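Undergrad: Make the full structure from the sequences, and use the hints.
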Amino acid sequence: MAELKTLNHHYKDMWVFPDADDLAGLPAKATSIGINKLLLWLTLILTAIGVVGFVMRASADGLNDYEPWGYYMAAFSFVFMVTAPAPLVSVAFRLIRSHWRRPLTRIAEIFALVGIVNFVLYIPLMLMIPEIANPNGAGHHSLDIRRTLWIQVPWGAPHFWETMAMLSLPVMSCLILLLSATPDMSASIQFVSGIKKKFYMLVAGYWKGSKRQWLVMQAAIGALGGLYFLTLPFVQFLISTDFGMSLIAGWKDSIFPAIYTLMGFQTSLAAILIVLYIFRRWGGFENFIGASQFWSASKILLGLSLLWIYHMFAFFITFWYGRMEVEQNILNYLYVDSWFWIFIINALGSWLIPFLILVWNPVRRADWGAPLAAVFVLIGALMFNIRIFVGAFNAGREQIYDISITFVPDAVGPDIWDLCMVIGIIGLACLVYLIGLRIFPVMNIWEIKEGAMYQKMGRLFRGNYLVLAKPE
Amino acid sequence: MAIKSVLGLFQDANQAADAGDAVKETGLTENDIDFLTDCPYPEGAFGEREEHIKLFLFPFIGGILGFFGGIMVTSMTQMAYPLITGGKPILSLPPMAVVMYEGTMLGAILFTVLGVLFESRLPHKMTEAYDERVSQGLIGVLVRAEEGKEQEINDVLSKAGAVDTKIA
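Quick note, the sequences are listed as chains A and B, same order. Each residue of the first sequence is one higher than the one before, starting from 1 at the first, in this note's numbering. Each residue of the second sequence is one higher than the one before, starting from 1001 at the first, in this note's numbering.
The set of hints was computed from the structure by calculation and includes no laboratory data. Take the hints with a grain of salt, since some may be wrong.
What follows is a list of derived Cβ distance ranges for each label pair [to be verified]:
no.: 1; chain 1: B; residue 1: Leu-1091; chain 2: A; residue 2: Leu-419; range: 45 to 51 angstroms
no.: 2; chain 1: B; residue 1: Gly-1044; chain 2: A; residue 2: Glu-286; range: 32 to 38 angstroms
no.: 3; chain 1: A; residue 1: Leu-306; chain 2: B; residue 2: Leu-1083; range: 41 to 47 angstroms
This one's a predicted model, so the numbers in the text were calculated from it and none came from an experiment. All residues carry an ideal CB built from backbone N, CA and C; glycine is no exception.
TA: Put into structure tokens, the structure is as follows:
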């Protein structure tokens, strides 16, 4: 029989199958990646700039008034939006048993460490939330209690409940990371030294790889992943309502929290794909990361980009058709007047450019297509957070107890300390992620080994095809 | 009588499964044998016993406790400080639902963490025979036997093709 010269209609490296030598060398390789020290220093300097910006802003304006902190909130929300759903991406693909997720799960799980940053960044914001009760009492056009999620103000609302909800995310995601990394740390103990070895011994010293341990580990990841899935949209709901909608009087919208959640999944996938591409292209992991990861994820990214415009249009048309004064004011403020150009960049990045890139099948199948679209998705998301949260924080403190906003505020540009805080917060998130890459094995070794048992190229008639085993 | 553990290391999964069968022929049961691997193998790949874990009960119990905790917190606040908002009843379910939901989640998360510790038997000190080569791809057949029988098990594992054995 004539040997096949091509791999059918797919690229040669669409699927990669690490051989025994690759797998044997993976623990050493995954624990010794050379993160460029220049990159670490750069992110550290950016973080320091952010600290300076924060201190200057706090000393000038204090933490009691939320209005000067719009860009801080936007940067926090951007980092939270991108990083908080990332561990869920790994859990979700694991739950649905997709084989292509294997090389990207650890890259996604390490974002859990940035969750700790999110919680720390959130603390000053918690202090700024204005009183729910109107200090002046109800008036002609104002309410005695401002419109928030915390109607009837139960005990602990909003500070205790929001703080606990924010804290629960990094607790769960870090546990998922530790559980998932335990077998890999056990396999890598001999390849690390110093404090890292002590840490590996502490976390994975008990691991021996019995069936019970594997079952408990997988069940725990499944249970925590399920709870994370139930908690994350709730926290996103709290952030989008308490720091967004409730600060613009009369903004009542059921679609906005859904857009916020949707963008969380979109931007998380985008960030993961960019890191995955860097690992494949420059990290030496091309034997473990094929083009299929990008091809599979690109279809999801395309779908999320289309969902973005669907939700955004649904939000827009409801307000446009309603034509009440408050609805027109909000539309003019956030869409067509004050924040118009930021909205345009947001729409280009979150929808149009990714759509135009990913609509082409050859681009989706190339390893660079989805990461390229992902860069625009992140730019669009940053603009979204600036538009919404700088907008909400600068709509005027005097109107938050009103029934509705009666004017169209102006857009507010950043000053030097705002810029410092924005780049500092993004720099801090990158720094913590880079440190995470130095601490944990960057590839999910046990999942890749497991995948090697279940995948191979098989021959059918004259073609070679991917054969997948489904043992469950 | 003290329990000894004997570990046999195998390069091939079929050999490890055969070794498990050979150990059972000495009078030990499947409960005395564990297969140690560097990645999860499919259920029953070695003819091993079924494992039953109860981890999923923990979030369930925690969720129920958290749910009722949420009801208590919200209803007691509303009853202690009756504040009519927007003409709604003092005990309105929609605003209570936010806290009830979060209480459920927090309870479930807390109990899941406890469940992971309990089911993993942590903190745990490794006292049985183990070899780091398991995490590098060799398959370990770990047998627990009464003192005095360990040499017989060691011989059985060696005869089944173990590349190395250990007794602890």
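Undergrad: Does the hinted range 45 to 51 angstroms hold for B:Leu-1091 and A:Leu-419 at CB?
TA: For A:Leu-419 against B:Leu-1091, whose Cβ atoms are near 48 angstroms apart, the range 45 to 51 angstroms holds.
Undergrad: Is the hinted range of 41 to 47 angstroms satisfied by the C-beta distance from A:Leu-306 to B:Leu-1083?
TA: With Cβ atoms ~44 angstroms apart, the hint holds.
Undergrad: Could you check the hint for me, namely that B:Gly-1044 and A:Glu-286 are 32 to 38 angstroms apart, CB to CB?
TA: holds, 35 angstroms
Of the numbered hints given earlier, the model fails none.
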